[in-house]
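Chemist: Listed below are the residues making up each chain.
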Amino acid sequence: MRDFSKMTNKELEDYAESMGIRGVSHKSRAHILNKIYAVTGSARPFDLNPISCVGATLLTMAEYNQEGNCNTHTLVSVSCGANHDFFPVVGHKAGEVMALLKDAMNISDNPQIIINGLPSNGNYVLQEGDRLEFVKHSGEKG
Amino acid sequence: MRKNNIIIIGVGGIGSNLAEFISRFLNFEKEFCGKIVLIDGDSFEEKNKTRQSFIRYGNKAESKVLELIQKFTEIPFVFHDVYINKKNVSEYILDDAVVFLCVDNHKTRKIISDHCNTLNNITIINGGNDLLDGSVHLYVRENGKDITPSLTKYNPEIETPEDETPEEMSCEKRSISEPQIFFTNLQAAIIMCQVYYSLYTDTKTKNLPSIIYFDIATQKVTPSFRK
Numbered sequence: 001m002r003d004f005s006k007m008t009n010k011e012l013e014d015y016a017e018s019m020g021i022r023g024v025s026h027k028s029r030a031h032i033l034n035k036i037y038a039v040t041g042s043a044r045p046f047d048l049n050p051i052s053c054v055g056a057t058l059l060t061m062a063e064y065n066q067e068g069n070c071n072t073h074t075l076v077s078v079s080c081g082a083n084h085d086f087f088p089v090v091g092h093k094a095g096e097v098m099a100l101l102k103d104a105m106n107i108s109d110n111p112q113i114i115i116n117g118l119p120s121n122g123n124y125v126l127q128e129g130d131r132l133e134f135v136k137h138s139g140e141k142g
Numbered sequence: 001m002r003k004n005n006i007i008i009i010g011v012g013g014i015g016s017n018l019a020e021f022i023s024r025f026l027n028f029e030k031e032f033c034g035k036i037v038l039i040d041g042d043s044f045e046e047k048n049k050t051r052q053s054f055i056r057y058g059n060k061a062e063s064k065v066l067e068l069i070q071k072f073t074e075i076p077f078v079f080h081d082v083y084i085n086k087k088n089v090s091e092y093i094l095d096d097a098v099v100f101l102c103v104d105n106h107k108t109r110k111i112i113s114d115h116c117n118t119l120n121n122i123t124i125i126n127g128g129n130d131l132l133d134g135s136v137h138l139y140v141r142e143n144g145k146d147i148t149p150s151l152t153k154y155n156p157e158i159e160t161p162e163d164e165t166p167e168e169m170s171c172e173k174r175s176i177s178e179p180q181i182f183f184t185n186l187q188a189a190i191i192m193c194q195v196y197y198s199l200y201t202d203t204k205t206k207n208l209p210s211i212i213y214f215d216i217a218t219q220k221v222t223p224s225f226r227k
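As you go down the protein sequences, you meet chains S and E in turn. Using my numbering, you'd call the opening residue of the first sequence number 1 and step up by one each time. Using my numbering, you'd call the opening residue of the second sequence number 1 and step up by one each time.
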């Protein structure tokens with residue numbers, strides 16, 4: 001695995017372009033690294049700065065800042081009906097997440113909010129490992 | 001689960017297909033010693049052909065039972081040509097049954113849910129769909145206590161239904177039905193059978209989701225675990 005921390009921005013640009021990644025010329029170091037790791041996928045959190053991954057869970061996403069350091073974000077399971085995905089929303093209120101994902105997850109107006117299987121409300125602040133669900137109406141016909 | 005009677009309520013797009021799947025499974029299960037009861041007051045008509053599995057016209061419950069007894073000789077079948085309502089629900093749904101709820105309105109779901117909340121041991125596997133998506137809800141009650149949430153607990157549309165039962169609808173209203181897709185009905189029926197199979201093979205109820213959502217357009221199937 002290449003040690004990207006020792007590469008200059010120009011070297012990173014060349015490396016990204018050799019991988020077929022376009023649009024990295026004169027971009028920030030963080031931008032180039034995120035592009036590279038978006039392509040290389042699963043290796044993201046582990047090759048640049050292993051210390052940053054201590055305490056990370058399987059639901060962790062890596063992101064690189066201007067200095068090329070790896071920041072990790074714990075993801076929260078969010079679902080509405082059959083729509084389900086993981087989002088870096090730890091510390092956000094459930095109501096904020098609802099507004100953010102309303103269209104993307106087809107969330108109805110004023111849905112019941114469930115956190116970890118129990119009724120909750122929009123003021124709940126999401127924590128690591130939470131499962132957030134916006135209840136979708138059940139199917140009517142048959 | 002092996003000696004529990006099966007009650008299929010609503011023999012339409014979901015129920016007519018599910019009845020066949022469940023009968024095929026149980027016909028070859030030597031340990032199953034219950035009966036299969038089909039209940040529906042509606043009749044199979046030409047317009048139902050695109051989604052519903054029948055080989056003859058007439059009352060849906062009767063037609064399907066007459067068909068099933070030819071194919072699956074090891075199971076006793078019973079049919080009732082009625083719609084479930086508040087007055088007759090206690091006559092048809094008794095303790096220890098597994099109810100496959102395949103009706104097309106929330107008001108009947110509410111009647112059945114309320115009645116089952118008064119029983120000691122009952123399992124409801126409720127399926128419903130809209131055009132492309134739908135849900136399957138598992139309700140288990142043991143020794144007078146809810147093991148999984150009731151149909152109404154997280155579903156205000158069932159708790160306070162705005163629709164009507166088939167008996168309340170005018171003939172004109174009943175003849176106009178919202179469009180449905182065969183594959184959506186089929187997906188609901190298949191997931192309901194899978195839930196039943198998990199229960200039948202002794203999967204612990206606590207490991208099962210209380211509701212499963214599906215969407216045939218995106219091919220997503222998402223379980224929800226609720227308390």
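Source of the hints: derived by calculation from the structure; they are not laboratory data. Among these hints, one or two may not hold up.
Computed list of lysine to any residue pairs in SDA-like fashion (alpha-carbon distance at most 25 Å, straight line) [stated by the list, open to error]: (1) Lys220/E x Leu75/S; (2) Lys206/E x Gln127/S; (3) Lys173/E x Gln127/S; (4) Lys153/E x Asp130/S; (5) Lys227/E x Gln112/S; (6) Lys227/E x Asp14/S; (7) Lys153/E x Pro111/S; (8) Lys227/E x His92/S; (9) Lys220/E x Gln112/S; (10) Lys206/E x His92/S; (11) Lys86/E x Phe54/E.
With the C-beta cut set under 7 Å, the calculated list includes, among others, these residues of chain S facing chain E [said to hold, decoys possible]: (12) Lys27; (13) Gly117; (14) Gly142.
Here a beta-carbon is modelled for each residue, glycine too, at the ideal position from N, C-alpha and C.
Chemist: The structure should be examined with respect to each hint, and the outcome stated for every one.
Modeler: Each hint, compared with the structure:
Distance restraint check for lysine 220/E and leucine 75/S: the Cα-Cα separation of roughly 20 Å lies within the 25 Å cut-off, and the hinted pair is therefore satisfied. Between lysine 206/E and glutamine 127/S, the direct Cα distance comes to roughly 24 Å. Compliance with the 25 Å bound is thereby established for this hinted pair. For the given pair, lysine 173/E sits about 49 Å from glutamine 127/S by alpha-carbon distance, which is inconsistent with the 25 Å threshold. Pair hint lysine 153/E plus aspartate 130/S holds up; C-alpha atoms about 21 Å apart against a cutoff of 25 Å.
A threshold of 25 Å between alpha carbons decides the hint, and for lysine 227/E with glutamine 112/S the separation of about 14 Å falls inside it, so the pair holds. Proposed proximity of lysine 227/E and aspartate 14/S is contradicted: the alpha carbons are some 53 Å apart, above 25 Å. Restraint check for lysine 153/E and proline 111/S: the C-alpha separation of about 13 Å stays at or below 25 Å, so the hint holds. Of the pairs offered as hints, the one joining lysine 227/E and histidine 92/S holds, with about 23 Å between alpha carbons and a cut-off of 25 Å not exceeded.
Proposed proximity of lysine 220/E and glutamine 112/S is supported: the alpha carbons are some 21 Å apart, at most 25 Å. A threshold of 25 Å between alpha carbons decides the hint, and for lysine 206/E with histidine 92/S the separation of about 30 Å lies outside it, so the pair is violated. Annotation: proposed proximity of lysine 86/E to phenylalanine 54/E is violated, straight-line Cα distance about 28 Å (limit 25 Å). For lysine 27/S, the interface hint is violated, the least distance from its beta-carbon to any beta-carbon of chain E being 34 Å, above 7 Å.
The interface hint given for glycine 117/S is met, as the beta carbon of that residue sits about 4 Å from the closest beta carbon of chain E, less than 7 Å. For glycine 142/S, the suggested interface contact is upheld, since its CB lies about 4 Å from the closest CB of chain E, less than 7 Å.
Checked against the numbered hints given earlier, the structure breaks hints 3, 6, 10, 11, 12 and satisfies all the rest.
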